[in-house]
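Protein chains in written order, with UniProt numbering: chain Z, 1 to 162; chain F, 1 to 162.
No copy labels: a pair is met if it fits in one copy or bridges any two.
30 Å max Cα-Cα, derived DSSO-like pairs, lysine-lysine:
{"hint": "1", "residue 1": "K160", "residue 2": "K42"}
{"hint": "2", "residue 1": "K30", "residue 2": "K77"}
{"hint": "3", "residue 1": "K30", "residue 2": "K121"}
{"hint": "4", "residue 1": "K145", "residue 2": "K135"}
{"hint": "5", "residue 1": "K135", "residue 2": "K30"}
{"hint": "6", "residue 1": "K82", "residue 2": "K121"}
{"hint": "7", "residue 1": "K135", "residue 2": "K26"}
{"hint": "8", "residue 1": "K111", "residue 2": "K157"}
{"hint": "9", "residue 1": "K42", "residue 2": "K30"}
{"hint": "10", "residue 1": "K53", "residue 2": "K91"}
{"hint": "11", "residue 1": "K26", "residue 2": "K42"}
{"hint": "12", "residue 1": "K160", "residue 2": "K26"}
{"hint": "13", "residue 1": "K160", "residue 2": "K30"}
{"hint": "14", "residue 1": "K42", "residue 2": "K135"}
{"hint": "15", "residue 1": "K30", "residue 2": "K145"}
{"hint": "16", "residue 1": "K42", "residue 2": "K145"}
{"hint": "17", "residue 1": "K42", "residue 2": "K96"}
Calculated from the structure, these hints are not laboratory results.
Number of protein chains: 2
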Amino acid sequence: MTNVIDESGLLAISTRLQRLSDQLRKDGLKIYESYGIQFEPKWFPVIYTLHKKPILSVVEIANEIGYTHPSTISLLKELEKKNLIKSKKDKDDERKRLLYLTREGETLVEKMQPIWDVMVKALEQLTNTSNNLMKAIDEVEYQLKLQGFYQRAELIKENKSK
Amino acid sequence: MTNVIDESGLLAISTRLQRLSDQLRKDGLKIYESYGIQFEPKWFPVIYTLHKKPILSVVEIANEIGYTHPSTISLLKELEKKNLIKSKKDKDDERKRLLYLTREGETLVEKMQPIWDVMVKALEQLTNTSNNLMKAIDEVEYQLKLQGFYQRAELIKENKSK
DNA sequence: TGCAAATATGTAGCTAACTACGTAGTTTTG
DNA sequence: CAAAACTACGTAGTTAGCTACATATTTGCA
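Full structure from sequences and hints, please.
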């Protein structure tokens with residue numbers, strides 16, 4: 001806590017969250033590199049999802065990973081270019097494009113499993129402090145689902161004006 | 001926890017952090033709007049810093065808010081365009097540009113104080129769960145300072161190979 | 001059953017941060 | 001005291017998400 005911003009606390013929380021996210025992503029990339037694997041952390045959600053649920057449409061993937069479908073499409077394009085995934089038309093619904101891991105994609109997942117183990121261990125070290133970051137995120141997301149930040153602010157504003 | 005990604009836990013933590021950050025920023029903007037104030041959450045760090053430390057150079061601001069200087073410069077440009085801040089050359093060091101709040105900027109800060117109070121209260125509601133998010137961030141950043149994510153992964157890797 | 005509404009995908013362009021690089025002053029040092 | 005190294009600032013271009021809009025199927029209901 002050497003600077004004004006950290007002292008301003010909650011008001012800069014969005015900034016702090018983003019900074020932490022960037023830092024972890026950058027090191028994530030370096031870790032893959034150190035294993036000689038060319039894999040970007042942002043691809044993880046798609047690859048992992050298709051590993052767990054082998055055939056999904058674009059929108060299904062988007063929902064699983066919690067991104068919008070345009071963001072998902074751009075990830076899918078990169079992964080198709082890398083030959084890690086492929087797609088085929090859904091015969092029952094001509095609108096849908098069904099995605100699945102290629103043989104190459106499956107092989108890569110197998111190679112990454114031990115790396116993921118290491119990452120999880122390192123992240124456990126980092127986050128298993130007296131306030132667990134992952135649990136805190138879960139809890140805040142749950143609170144947000146109950147009532148959003150904006151709605152809460154509106155209610156507090158109204159109460160004050162009485 | 002309805003989808004594959006949330007279940008993958010720590011590996012998608014960077015994604016989760018960013019999403020939460022975006023969500024809070026978007027609602028932040030709406031809250032300012034609901035008070036009829038045209039202020040973007042991303043400007044907060046600069047404005048707040050200049051309010052607390054009235055005259056700072058570009059790089060000093062960047063350090064205070066924890067951004068790179070190019071990012072800071074683009075924020076400064078927006079704020080100068082809004083007439084919330086101004087700059088003058090440092091007479092002792094011709095390289096430096098010293099920034100400060102304009103009268104208009106100071107007035108806006110005064111107007112925003114009650115909004116910030118409301119925001120802090122709403123954020124306290126949201127984050128004061130059994131694992132406090134802000135404290136968790138502090139703790140993880142402290143852990144990262146002791147030893148980064150990459151270094152930790154390297155050590156775990158080496159131990160395994162023995 | 002045919003048309004309106006909904007759903008699935010795609011494209012274009014925005015945003016808020018970043019890195020890499022260049023230039024101009026300042027400081028240090030041989 | 002001049003050259004080298006450093007510091008401050010700025011610009012250009014990248015990235016990883018987003019929203020808004022467009023098009024093509026499919027579904028549902030009057």
